[in-house]
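Protein chains: 2
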Amino acid sequence: MSVPVYRADEGMWTFDNLPLKQWKERYNFEPTKEWIEKVQLASIRLNDGGSGGFVSPDGLLATNQHVAAGQLQKLSTKENDLTKNGFYAKTRAEELKAPDLEINILVSFENVTERVQSAVKAGATDQQASEQRKAVIAQIEKDSLDKTDLKSDVVSFYSGGEYWLYRNKKYTDIRLVFAPEEQIAFFGGDYDNFVFPRYDLDVTFLRAYENGQPAKTPNFFKWSETGPTDGEFVVAAGSPGSTARLLTVAQLAYQRDAGNPLQKQVWTSQLNALENYSKRGAEQARQAGSAMRSRSNGLKRLTGQQDGLTNPRMFDKKEAEEKALKDALAKMPDAQKIYAPAWEQTAAAYSELPKMSKRLAFSNLSPSRLGTIALQLVRYSEEIKKPNDRRYDEFRDSRLESFKFGLLSTATIYPELEEAVLTAWLEEAQKTLGGNDPFVKAAMGDAKVSEIVKRAVSETKLRDVAYRKSLLEGGADAIAKSTDPMIMLARRVEPIIRELRQWNEEKILSVDASAGEKISKARFAVYGKSIAPDANFNLRISYGKVKGYEEDTTLVPFKTTFFGLYDRANSFGEKPPFDLPARYKERRGSIDLSTPLNFVYSADTIGGNSGSPVINRNAELVGLNFDSNIQKLSNRYWYIEEDEGSRAVAVHSAGILEALRKVYDAADLAKELTGK
Amino acid sequence: MSVPVYRADEGMWTFDNLPLKQWKERYNFEPTKEWIEKVQLASIRLNDGGSGGFVSPDGLLATNQHVAAGQLQKLSTKENDLTKNGFYAKTRAEELKAPDLEINILVSFENVTERVQSAVKAGATDQQASEQRKAVIAQIEKDSLDKTDLKSDVVSFYSGGEYWLYRNKKYTDIRLVFAPEEQIAFFGGDYDNFVFPRYDLDVTFLRAYENGQPAKTPNFFKWSETGPTDGEFVVAAGSPGSTARLLTVAQLAYQRDAGNPLQKQVWTSQLNALENYSKRGAEQARQAGSAMRSRSNGLKRLTGQQDGLTNPRMFDKKEAEEKALKDALAKMPDAQKIYAPAWEQTAAAYSELPKMSKRLAFSNLSPSRLGTIALQLVRYSEEIKKPNDRRYDEFRDSRLESFKFGLLSTATIYPELEEAVLTAWLEEAQKTLGGNDPFVKAAMGDAKVSEIVKRAVSETKLRDVAYRKSLLEGGADAIAKSTDPMIMLARRVEPIIRELRQWNEEKILSVDASAGEKISKARFAVYGKSIAPDANFNLRISYGKVKGYEEDTTLVPFKTTFFGLYDRANSFGEKPPFDLPARYKERRGSIDLSTPLNFVYSADTIGGNSGSPVINRNAELVGLNFDSNIQKLSNRYWYIEEDEGSRAVAVHSAGILEALRKVYDAADLAKELTGK
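Order-wise, the sequence lines are chains A and B. Here the first sequence is numbered in this note's numbering, starting from 1 and rising by one per residue. Here the second sequence is numbered in this note's numbering, starting from 1 and rising by one per residue.
You may find that some hints are simply not true.
Heads up, the list lumps identical chains together, so a pair's fine if it works in one copy or across two of them.
Said to hold, decoys possible - Mimicking DMTMM-like on lysine to aspartate or glutamate, the simulated pairs with C-alpha atoms at most 20 Å apart in a straight line are:
(1) K97 to D149
(2) K575 to E550
(3) K441 to E427
Just so you know, the hints here were simulated from the structure itself, not pulled from any lab data. Predicted model, so just to flag it, every value in this text is computed and none were measured.
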């Protein structure tokens, strides 16, 4: 077995395969079993798309303000904008229940690779294999759910090289304890996003409740009053969303040439619609704020990723890596015979994708909450009739509770915003796909986009949760008979979307799974399980050290302080987005300005790691991950070495305490964190 | 006449050709005659290599600490290191006389192009032309000196396209009033050099004396208490040292391929010698400090310049520019016939240079002060015998006063330092040129470098100013008879140096002058006098606006504040070079931390502009230029546009006042500046 030299601090590791050897060799760190178990059980996935950690035995959890931003917006009104004003519940009675936030704790995991892979009969086509895998996965999930009552998902790793059953405890009663003003959580706005030095208090505290009481969470991270020291070993635990490091060159070339440019078009169009809407007034800007921030963030990240992918030097490296694996495989004739064809198979599949990719991207109603609800109801009514193991993944029994929790959210839906974004979306679809496209024709017929959308939004009753519930329970019959214009729109487009989904499953995803499994096995045969699998929004551990870096000709320090916040604000004459919330001006004299505010560290993280607790050897929380610097952006496709200046960015635990105590008069919260 | 589009804010302009049209069109600024005269007469060239400006009617002048660094070191002792500790003379009686600083004020200038160029006889070879020009220049200078008693230099502009007689008033009794600690003047050290945001109090106040009394300087810049506003039009007046924008492609290619790499070797070798010496102890580090800083600065700048020159895109641009000029010239057959051969002539000359360039670079004793003095004495004794118009430029009558002022400086010479740097230098020469090289053989004969140098440094009496004076006055006979081993070393190498200088004059410099004149005339014929001449350490005006810029994906503000100084210091845990002088910690509570400290502006400046007063429309001093950012480094070869982020960096006038008043208890000095 030849082992490639993997680079320092690489990898988002699963808990079944922690990098214990590296920790011992590089950092002289040997965690106890208790340490590992505690970290696993104190780490949280927030299903809005982020991470967090318990920080008290009473269900208190810390995450980023930007992870909680969607809920903050849903809790806001025209009269009290929590995004803008921040929030602090001085007593538990004042804590505000988030309308539709689910969090998950990974309780246990089990390797089911053998069971899944052996369910595929010899001689099965890719498509048959896909169905056979799906059936056994549905069965495994159902058995586990029945047995444990835990949310049970079979998750694919290493492009299908392994399958694991992940059991998560879920909480759906999550309440808001504290959030700072967005202006300080996101100081510097989109300009300073992915930039360091940085001065953001990107933190929010929530509390998990169970049966109307604060949840008992004996596994929690002790809050560090001092934070990390320069050079200190740290671990980030969280749920990185997605990486694409194990893709074949053919898959990467598709991303570079078609996938990413298309994604850019989609997000740009959505962002433009939101920006135009927000220009109508302050209230509209409030409604669109969280989505705009999310789209801007996505676009800036995508630009960095695509810059990496279009860099020939970087792409050459991926080609060389693939060639090295193929060459090594060539020395194992038996393995080669089985696995080698997978690359060609993938390349053939992906050569078909560009001609369908625009249809796949635009044939949906996703920017609209009402459109999404309508499609979910229509789709559910079809799927629920089928046996469990034949349904779309998201409608399997094991996932229905979470599905309904989201569908029946009480969060306010704003018709004016809905109309604006859905109109812009369908107009972009029409422009991109043409008037004769099946989706476009099904959606609009001969009418104008604006007419269709105006009617659907103004006349639908889907904003009423009780009405949604009645349709959910009414089944296929209720859906079929509904004259709700948004349901009717969804009914018209759903058959087209189904066809496209089927095409994608048959032509692409089933090949991804089959070929991916073969390439993974080839990689295991050559290198062993020496690298971490691609991220998939499940719990991972990353590690590294707190450390500054060189940039151009100078040094960037490992941390920033409150001094720097005031410097940057004053240097720009407090012009937005470099303005400070009022209380930062009033309280300036009370703050110890030398207190650290943000810091950087070398761990391998990506979007989804936002809110990850950054902990030291003693499992004390020293920071909350909230960003990466610009040098790290293309790490979706490859690990970027520490000495290239690639860094994760975190809020410093001491800075959070200083702000709670001196700016927000939140001594009780600080006491819950520290005991002081 | 076709006029190329020159870019906003380009040019270091002479006072005979100020960019009045651009000022009016772009900034609606029309200076009065009085404004222009005042700026000219209040601006100062410091012959140590920098700029400054009068800031009170009593001879007070402001420049950078790093411009005054050499004098600060010469005024320091082992017991009181002014570089480290700073200095403030509370009374005039306490002001310290700089041992060998001369400053010049440009009093008048006169176009002598016609007289110089017409002195060249028809049919003269380049070398004859060179001698004929030299003769007339010597005469012009002598006439002016006799008539005005002002320092009178004929200066070549536009590579010989124009000649001007510049008359300077000189002061040689310059006293130190105030200098901050180097640690705050150069906060961030070599790392932060050429970096912005920046936090350096790079200022020193000196006072010119005349006849033992503070000089009367009715032309001075009023100190601005508020400094510049964002977007404000500003002018920098100073003496930029050298640019190379009008070089031919052949000359640039020589710089890129041979000149710059050789310069890098020379400076690196010198820096290494100084660094090794400084490691011997604190006192040695003090002695070598100013030279080390100067070498580091030079190397960092050279690296940036060479990065620009080796960028093919940039070099292509220069080739395209040259081609455009040649193409335009081709449409003027008469002019073309005379001027066009100049490019070939230059290319031919520069093709000969690489084989001599190492000998030219290493055949000298320049890193050693004693070696330099010895060579100056030997050379003077030869030259002074010749008629005025046949001497080397630096020994012409008009320049002898300044020459003797420098030679007879009372500044301490440190033998241990001399021995270290001269040994390292001659060893590097030996390694580079080989043992059979004429200079190496003349210097060392069969002895070892270390023996030759040890004896020359330990036994020479040249440290004694009276001895130097006796040799100066003793003439050729005294030099010939001297058994001083440093003089003997100089006598041995001087004939070799003379041969090389003659080769360079004949083969390169005379061609530079003749061909340069032709190319300049071609450029005038095609474009008119629409661009500024290359910098040559004479008074120029640059202009632009105070303005931040974009870098990577974010914004860099136009200014920084004291907050940022404390942020950067604290972020690095005050590790050198990010540590603060003690009084900045003691006085932190008294300082208004929101006071601006540094700012950037878009004017076209280069090394030599250090200390330039940055003034507003009212000729008030709003800042002191002290650096450029890294985006601007290659502007030696071409102007870099404002929207590429190229900026000059200045100390803010309000920041200087705040430090004087709150940190240094220098209220009297602040009062002299502001009247308050």
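Within, between, both or neither, where K575 and E550 count as close if Cα-Cα is 20 Å or less: between (29 Å within a copy, 15 Å between copies)
Checking K441 and E427: alpha-carbon separation at most 20 Å within a copy, between copies, both or neither? within (12 Å within a copy, 84 Å between copies)
Could you place K97 and D149 in one of the four classes (within, between, both, neither) given a Cα distance threshold of 20 Å? Neither, since 24 Å and 88 Å both go past 20 Å.
This entry does not satisfy hint 1, going by the numbered hints stated previously; all others are met.
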